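Sequences listed follow chains A and B, in order.
Just so we're aligned, residue 1 is where the first sequence starts under the numbering used here, counting upward by one.
Just so we're aligned, residue 1 is where the second sequence starts under the numbering used here, counting upward by one.
It is possible that some hints are incorrect.
Stated by the list, open to error - Dumping the calculated EDC-like pairs for lysine to aspartate or glutamate here, alpha-carbon to alpha-carbon at most 16 Å:
#1 Lys368/A <-> Glu50/B
#2 Lys112/A <-> Asp256/A
#3 Lys366/A <-> Glu50/B
#4 Lys370/A <-> Glu50/B
#5 Lys90/B <-> Glu44/B
#6 Lys78/A <-> Glu460/A
#7 Lys2/B <-> Glu62/B
#8 Lys320/A <-> Glu44/B
#9 Lys3/B <-> Asp97/B
#10 Lys40/B <-> Glu62/B
#11 Lys320/A <-> Asp54/B
#12 Lys90/B <-> Glu22/B
#13 Lys60/B <-> Asp15/B
#14 Lys17/B <-> Glu62/B
#15 Lys72/B <-> Glu5/B
Because the hints were derived from the structure by calculation, they are not lab data.
Keep in mind the model is a prediction, meaning the values are calculated, not measured.
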Amino acid sequence: MRFVRQGLITCIAAIVLVSSAGRLVAFQEEETVAKEAAAPPAAIDKGDNAWMLVSSALVLMMTAPGLALFYSGLVRKKNVLGVMMQCLFLMGLMSVIWALYGYSLSFGGSPKDKPEDSAWIGTGEYLFMQNVQPELVGSEVVYPTEGTLPRLTHMLFQGMFFIITPGLICGAFAERMKFSTMVVFSILWGTLVYCPLCHWVWDNGILTFGSPRAVFGGMNTGALDFAGGTVVHISSGASALICCLVMGKRLGYLQDPMPPHNLTYTVIGATMLWVGWFGFNAGSALNAGGLASTAFTATHFAAAAGTLTWPLMEWITHGKPTVLGACSGAVAGLVCITPASGFVQPMPALLMGAVAGVVCYLSVAKMKPKFGYDDSLDAFGVHGVGGTLGAVLTGVFATKQATDYAISGGNSLGILEGGSLLVPQIIAAGITWGYAVVVTFVLLKVLDLSMGLRVSQQEEVQGLDYSQHGEEGYIFL
Amino acid sequence: MKKVEAIIRHFKLEDVKTALAEQGIQGMTISEVRGFGRQKGHTEMYRGTEYTVDFVPKVKIEVIVRNEDVAKTVSTIMRTAQTGQIGDGKIFVISLDEAVRIRTGETGVDAV
Numbered sequence: 001m002r003f004v005r006q007g008l009i010t011c012i013a014a015i016v017l018v019s020s021a022g023r024l025v026a027f028q029e030e031e032t033v034a035k036e037a038a039a040p041p042a043a044i045d046k047g048d049n050a051w052m053l054v055s056s057a058l059v060l061m062m063t064a065p066g067l068a069l070f071y072s073g074l075v076r077k078k079n080v081l082g083v084m085m086q087c088l089f090l091m092g093l094m095s096v097i098w099a100l101y102g103y104s105l106s107f108g109g110s111p112k113d114k115p116e117d118s119a120w121i122g123t124g125e126y127l128f129m130q131n132v133q134p135e136l137v138g139s140e141v142v143y144p145t146e147g148t149l150p151r152l153t154h155m156l157f158q159g160m161f162f163i164i165t166p167g168l169i170c171g172a173f174a175e176r177m178k179f180s181t182m183v184v185f186s187i188l189w190g191t192l193v194y195c196p197l198c199h200w201v202w203d204n205g206i207l208t209f210g211s212p213r214a215v216f217g218g219m220n221t222g223a224l225d226f227a228g229g230t231v232v233h234i235s236s237g238a239s240a241l242i243c244c245l246v247m248g249k250r251l252g253y254l255q256d257p258m259p260p261h262n263l264t265y266t267v268i269g270a271t272m273l274w275v276g277w278f279g280f281n282a283g284s285a286l287n288a289g290g291l292a293s294t295a296f297t298a299t300h301f302a303a304a305a306g307t308l309t310w311p312l313m314e315w316i317t318h319g320k321p322t323v324l325g326a327c328s329g330a331v332a333g334l335v336c337i338t339p340a341s342g343f344v345q346p347m348p349a350l351l352m353g354a355v356a357g358v359v360c361y362l363s364v365a366k367m368k369p370k371f372g373y374d375d376s377l378d379a380f381g382v383h384g385v386g387g388t389l390g391a392v393l394t395g396v397f398a399t400k401q402a403t404d405y406a407i408s409g410g411n412s413l414g415i416l417e418g419g420s421l422l423v424p425q426i427i428a429a430g431i432t433w434g435y436a437v438v439v440t441f442v443l444l445k446v447l448d449l450s451m452g453l454r455v456s457q458q459e460e461v462q463g464l465d466y467s468q469h470g471e472e473g474y475i476f477l
Numbered sequence: 001m002k003k004v005e006a007i008i009r010h011f012k013l014e015d016v017k018t019a020l021a022e023q024g025i026q027g028m029t030i031s032e033v034r035g036f037g038r039q040k041g042h043t044e045m046y047r048g049t050e051y052t053v054d055f056v057p058k059v060k061i062e063v064i065v066r067n068e069d070v071a072k073t074v075s076t077i078m079r080t081a082q083t084g085q086i087g088d089g090k091i092f093v094i095s096l097d098e099a100v101r102i103r104t105g106e107t108g109v110d111a112v
């Protein structure tokens, strides 16, 4: 309960902050609207489009088989299908929502600075894929564009993020949540948490870097989030913590042994996540230029460093470096570098990955047992903690040397080069935390009263594979 | 007619099987089992959580032999499965009432 109460206080504070920011923003908007005249849409660049289509496929692969294997190896045999089904079903479910209205709520509204469009939520411009799909004009099929990409490609790429984010939360409530409630929760969470956050951070909303709408008390709240430190990892990690607090522990937690049933799956899954993350981060450049190479390098280096430091901590404290530790360290490094990947040089990326391996190890192996919450697969411990760490460290290490001039405008970014990014990074992380915590808490309470969150005790003992799906992962025949 | 049941280490299975075949013992059934005797279990660590594994994995061999072959079978298994360390396993000899070959209906020693 202490967590819940503290979380609530944080959130209420954040909401007060955000709503007062909104009022101030209104003044600023009027001044800047007339600045940019409508430019003709850029032509589609085939190289960019090729890279972004590949990146989209890579990010989809992160959810399944990547995350599905990573998570399912960590649960007990009787729940292996339950976890895989959550990942697979979300690939279908979230894609449908994205196609119908999710993309529009997240990115609707172009050009980006029309005063009548909201800084809080996207417009209905792309509902049902209108203005996204191609159409015949005269004798030419015209593709709406975003930068040098067909808007279809942009929609697909962003849609893959919409799939994996609720997938990450599944790690917190694994082995005990009712499948039907999980489905409804994911629909509501995607709509009420992901879509607004995505709009705030990436679509000229209240947290967008360089946006005139991102102002609070005369201070800039625009934060750099290259590939989803706030939108994906803090939002899912903070929600994951609320899930395991509200839902409670698994039956027999800390009494019955619950070791991973197949770490070979987990190794395969973790390494697929590593590869898929190149699409996630380097793809977030939204083109195939040098910025993608910056992000690719940072991503790889951070993962590499995390793979070393987590098992190193175990080696020092328990005498043996574990395989699960190496997998977890790689993911921790990847999570931490996500917001920073397009803004940092290779050496800071190594450092960020290394720090993430140590900090996430401490959060999972020391903090979790101390407080006793059952974050079953450490969705909060890795994504919540690693994502927050990454958002803050972006404010330290981001440099105008490493990113596009169009982003930095030649101004210093991180505090290491004398920039003022650190404070907005912390504010944006706090707002994301507060928003995700409050909405997730309310959603779970409503669903608990209406549908029930957990399976019955008997079903939990039986396992989710049979009780929720009528199947078994491993059959003796 | 007796059943000789031996619990042995995984990596000794191939040696034992080859040696028994050389002694003219035809056929055996094996299964993967877990248990403990004097060899203690061990602890495993997953993300900082420690689990005690009391039941150590072993291989169980079951061979059905004529009474006069029991001594030979037991000594062969003992010779080949031994390392001298705690955890080498055990051999049990059990009387057997009947055996039937399903295909032909032969019974007793003929069915083995």
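Hints and how they fare:
1. Straight-line distance between C-alpha atoms of Lys368/A and Glu50/B comes to about 14 Å, which keeps the hinted pair within the 16 Å bound.
2. Using a Cα cut-off of 16 Å, the hinted pair Lys112/A and Asp256/A is violated, with the two alpha carbons roughly 54 Å apart.
3. With a C-alpha separation of about 12 Å, the suggested pairing of Lys366/A with Glu50/B holds against the 16 Å cut-off.
4. Annotation: proposed proximity of Lys370/A to Glu50/B holds, straight-line Cα distance about 14 Å (limit 16 Å).
5. Restraint check for Lys90/B and Glu44/B: the C-alpha separation of about 26 Å exceeds 16 Å, so the hint is violated.
6. In summary, the hint linking Lys78/A to Glu460/A is supported, as the alpha carbons are separated by about 9 Å, within the 16 Å threshold.
7. A hinted pair counts as satisfied when its Cα atoms are at most 16 Å apart, and Lys2/B with Glu62/B qualifies at roughly 10 Å.
8. Annotation: proposed proximity of Lys320/A to Glu44/B holds, straight-line Cα distance about 10 Å (limit 16 Å).
9. Between Lys3/B and Asp97/B the alpha-carbon distance is near 10 Å, which keeps this suggested pair within the 16 Å criterion.
10. Taking the CA atoms of Lys40/B and Glu62/B, the gap is about 24 Å. The hint is violated against a cut of 16 Å.
11. Between Lys320/A and Asp54/B the CA atoms are separated by roughly 20 Å; this puts the pair beyond 16 Å, and the hint is violated.
12. A distance of roughly 21 Å separates the Cα atoms of Lys90/B and Glu22/B; the hinted pair therefore is violated under the 16 Å criterion.
13. With a C-alpha separation of about 14 Å, the suggested pair Lys60/B and Asp15/B falls inside the 16 Å cut-off, and the hint holds.
14. The suggested pairing of Lys17/B with Glu62/B holds, with an alpha-carbon distance near 11 Å, which does not exceed 16 Å.
15. As the CA atoms of Lys72/B and Glu5/B are separated by approximately 14 Å, the hinted pair is consistent with the 16 Å bound.
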